[in-house]
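What follows is each chain in one-letter form.
There are 2 protein chains.
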Amino acid sequence: MGQALITDLYELAMAGSYLRRGMTTPATFSLYVRDLPPSRGFVVAAGLEDCLDYLQRFRFGPDDTAWLAGHGFPPDVVEALAALRFTGDVHAVQEGRVLVAGEPLLEVTAPLPEAQLVETFLLNRVTFQSALATKAARCRLAAGDMELIDFSLRRTHGTDAGLAVARVTAMAGFAATSNVEAARLLGLRAAGTMAHSYVQAFASEGDAFRAFVDDMPGPYTFLVDTYDTLDGVRVAVEVIHELGLEGPLAVRLDSGDLAALAHATRRVLDDAGLAHVRIFASGGLDEYGLEELRLAGAPVDAVGVGTKVGVAADAPYLDTVYKLVQLGPDPVTKLSVGKESLPGPKQVWRRAGAPDVLALRGEPGPPGAHPLLQPVLSGGGRLAAPTSVAAARRRLEADLAWLPDDARRIRDPRQPAAVLSEGLRALQAETRARARTRAAEAAP
Amino acid sequence: MGQALITDLYELAMAGSYLRRGMTTPATFSLYVRDLPPSRGFVVAAGLEDCLDYLQRFRFGPDDTAWLAGHGFPPDVVEALAALRFTGDVHAVQEGRVLVAGEPLLEVTAPLPEAQLVETFLLNRVTFQSALATKAARCRLAAGDMELIDFSLRRTHGTDAGLAVARVTAMAGFAATSNVEAARLLGLRAAGTMAHSYVQAFASEGDAFRAFVDDMPGPYTFLVDTYDTLDGVRVAVEVIHELGLEGPLAVRLDSGDLAALAHATRRVLDDAGLAHVRIFASGGLDEYGLEELRLAGAPVDAVGVGTKVGVAADAPYLDTVYKLVQLGPDPVTKLSVGKESLPGPKQVWRRAGAPDVLALRGEPGPPGAHPLLQPVLSGGGRLAAPTSVAAARRRLEADLAWLPDDARRIRDPRQPAAVLSEGLRALQAETRARARTRAAEAAP
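So the protein lines, in turn, are chains A and B.
For the first sequence, the numbering used here puts the final residue at 444, and the numbers step up evenly by one.
For the second sequence, the numbering used here puts the final residue at 444, and the numbers step up evenly by one.
Source of the hints: derived by calculation from the structure; they are not laboratory data.
Ideal placement from N, C-alpha and C gives every residue a C-beta, glycine not left out.
Now the in silico label distances, taken between C-beta atoms and shown as ranges:
| id | chain 1 | residue 1 | chain 2 | residue 2 | range |
| --- | --- | --- | --- | --- | --- |
| 1 | A | Pro26 | B | Gly247 | 31 to 39 Å |
| 2 | B | Ala352 | A | Asp406 | 54 to 62 Å |
| 3 | B | Asp35 | A | His263 | 25 to 33 Å |
| 4 | A | Gly423 | B | Arg57 | 52 to 60 Å |
| 5 | A | Pro26 | B | Ala175 | 35 to 43 Å |
| 6 | B | Glu340 | A | Ala82 | 53 to 61 Å |
| 7 | B | Asp207 | A | Ala83 | 20 to 28 Å |
| 8 | A | Ala352 | B | Pro75 | 53 to 61 Å |
| 9 | A | Gly218 | B | Asp63 | 19 to 27 Å |
Covered stretches of chain A (chain B as the covering partner; in silico rule of three or more C-beta atoms under 8 Å from a C-beta of chain B):
| id | segment |
| --- | --- |
| 10 | 3-11 |
| 11 | 68-76 |
| 12 | 143-154 |
| 13 | 171-183 |
| 14 | 188-199 |
| 15 | 305-316 |
Given only the sequences and the hints, what does the whole structure look like? Please build it.
Printed below as a string of structure tokens:
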């Protein structure tokens with residue numbers, strides 16, 4: 001299970017050609033987001049751990065090479081691919097760090113065929129997980145004091161994506177997930193309530209609530225909107241009193257005008273002496289709906305966010321690229337219209353109260369700044385233990401505090417830009433001129 | 001690997017409660033799209049095969065039950081779950097069929113705990129695959145005579161999603177995929193070109209093109225926009241002539257104004273006696289861009305569609321629900337504001353030139369109509385061989401032809417509605433009245 005065929009055909013063709021020709025000079029590719037979606041003021045780095053696992057296990061198995069041989073790949077290429085392992089170095093930004101457009105999330109330096117072969121997988125993992133982590137972070141920013149629970153599993157693009165959403169929402173500060181397998185695998189808190197079908201399966205709401213308490217461990221959240229929401233709240237009050245329930249309790253609103261219903265529900269609960277019973281809301285909410293709820297002063301204590309977060313509905317992809325920036329001793333640039341790239345391996349320098357500086361890897365940073373890209377893989381081997389969700393969460397929280405206010409804004413955020421270092425600007429001018437000359441010379 | 005914990009916690013809690021109480025009466029749940037996204041005139045059914053595989057393999061393994069026991073599930077519930085298999089029946093619409101809002105994609109009839117437990121997984125698979133299949137079908141409608149290739153793997157939400165995209169794009173009539181693993185597993189044609197980094201790795205474009213031909217099997221598609229697009233086309237012409245290349249050949253445009261460049265490229269190729277060399281385009285295209293290219297009369301022969309199709313960017317989820325419609329002998333309805341459901345197991349009747357009729361399962365259909373829902377699983381066992389991609393493709397093509405023109409429209413499509421049968425309307429009125437009475441009686 002080397003996953004080596006989980007790639008675009010052209011990666012295999014190009015790598016095969018390089019291997020044939022002995023073009024195994026070290027190459028550096030830089031993976032970054034070219035432009036952010038207009039609705040985003042930042043991007044949260046995620047997906048790195050999957051990438052490192054993949055690189056360490058990278059190999060073509062017998063089934064893989066048999067397929068290649070059967071599809072016209074020359075025998076010497078198939079043989080070379082069978083023996084190939086990833087032996088390169090990776091510099092990367094740690095998961096949970098906040099970046100702006102153009103800043104590398106990771107850079108791969110490896111013999112050219114190896115660096116090329118891994119492009120598709122790295123782009124896949126970094127792109128979707130960073131898109132989802134960014135959406136989750138914006139929900140956390142919008143929610144204020146409201147607790148958030150990941151409810152997305154039924155709408156994510158597959159169950160692997162559901163696992164990734166549970167992980168990045170935890171990184172973003174969500175309190176729990178409804179996804180049991182994710183909770184088990186990642187050590188997260190599993191949470192859930194009950195469905196309308198459960199309430200409907202009993203003769204009355206009260207019977208359903210009592211049965212649930214009888215049969216299952218708490219904490220209990222009673223779904224109150226199957227018939228009439230405020231009647232449902234009154235039934236929950238009755239059951240709580242009748243059974244003398246203690247500990248964490250909540251009622252869940254899942255339809256209608258959530259802010260208005262939350263106010264009315266709060267009154268019913270408070271009048272019944274149940275000020276400690278919390279209000280849980282759900283129903284198509286993401287950062288926009290969460291912000292509205294918060295600004296409306298709705299007394300909602302916790303929210304289950306599902307669909308729109310689980311697919312990052314308003315920005316389900318990022319404009320990520322994996323660009324050749326150095327080949328052997330030569331920095332490389334690209335001139336295609338609207339797709340220019342900056343030459344050379346990079347470093348991002350960050351300090352409080354100032355824009356980031358995007359520099360060449362060897363350049364010194366400004367005083368007081370720290371570098372975001374760190375060596376994480378060397379000669380194909382990991383340099384540090386995998387990132388824990390808790391560590392990523394702390395980094396994300398700190399980095400969000402670093403961001404300018406207007407980049408954190410939910411609607412119409414400003415996108416901060418990194419400043420190019422002197423060294424990078426000079427190299428850019430030089431390689432552009434060289435590439436233009438070369439293009440002119442090469443023209444027939 | 002029963003996948004039984006890949007679910008929301010509440011499914012386990014509800015099923016546990018039902019098992020404890022012996023509430024194992026047969027229940028029918030109906031899975032349908034409540035409302036279509038505004039940009040969609042139809043939905044393409046997909047994901048069924050994954051669902052049937054899952055149902056047949058459904059079981060809790062020792063790790064699963066250990067987790068449940070450690071998280072407060074009572075011993076009798078854990079024991080009952082360990083022994084549970086899916087023993088129910090499934091009626092479903094075949095993959096590739098075209099539906100409108102409210103028409104069931106599948107209906108599960110099983111003992112209540114079993115039918116409840118499988119909700120999350122079934123919703124996950126049907127939702128994302130149908131969303132992606134619908135996007136792919138719209139691209140195929142927009143593309144006219146242009147051939148389409150799936151290039152989405154680098155942006156899909158994980159590599160499992162990438163496999164699903166390759167499958168549903170093939171169902172929609174795409175000619176090939178760049179995803180090698182998907183091609184291998186599904187028997188699809190793999191296709192690809194070369195990247196800018198390949199061209200940059202050589203001293204000139206011509207050297208790169210010659211090396212590629214030397215090293216790799218065809219068909220060859222030369223990427224011509226690394227430096228200057230039309231110069232690149234001229235280099236490709238030179239190489240084609242020099243090497244006397246025959247067979248399928250193309251040049252690929254990946255940046256700039258694709259329609260204008262395609263016209264200019266066509267002239268260069270034709271003037272060089274290369275009328276048979278095709279033009280391949282790529283770069284952020286989905287049904288909207290494809291339609292523009294077609295309406296502009298751009299001489300583009302094939303298009304690689306990636307990102308936006310791979311995440312169904314403008315409608316990345318569907319408003320799918322899994323609703324209890326029958327419990328034992330009783331049809332069930334739901335009254336929550338904006339979330340009413342229709343009672344009873346259903347059938348969808350289709351005939352040419354008329355809207356579908358959404359009926360009760362036992363009701364006869366209108367003359368000349370055929371039923372879309374078929375029994376596919378009985379007593380937990382499959383009734384037919386898995387759907388082939390080719391069969392789904394034929395069904396999809398036929399169903400698209402059945403759709404009214406304005407539902408097939410790319411921009412601002414009209415959403416056809418199914419007509420409710422007499423039987424369904426009568427039952428709806430009856431169950432609504434009964435549910436209202438019950439809600440009123442139950443109120444405290």
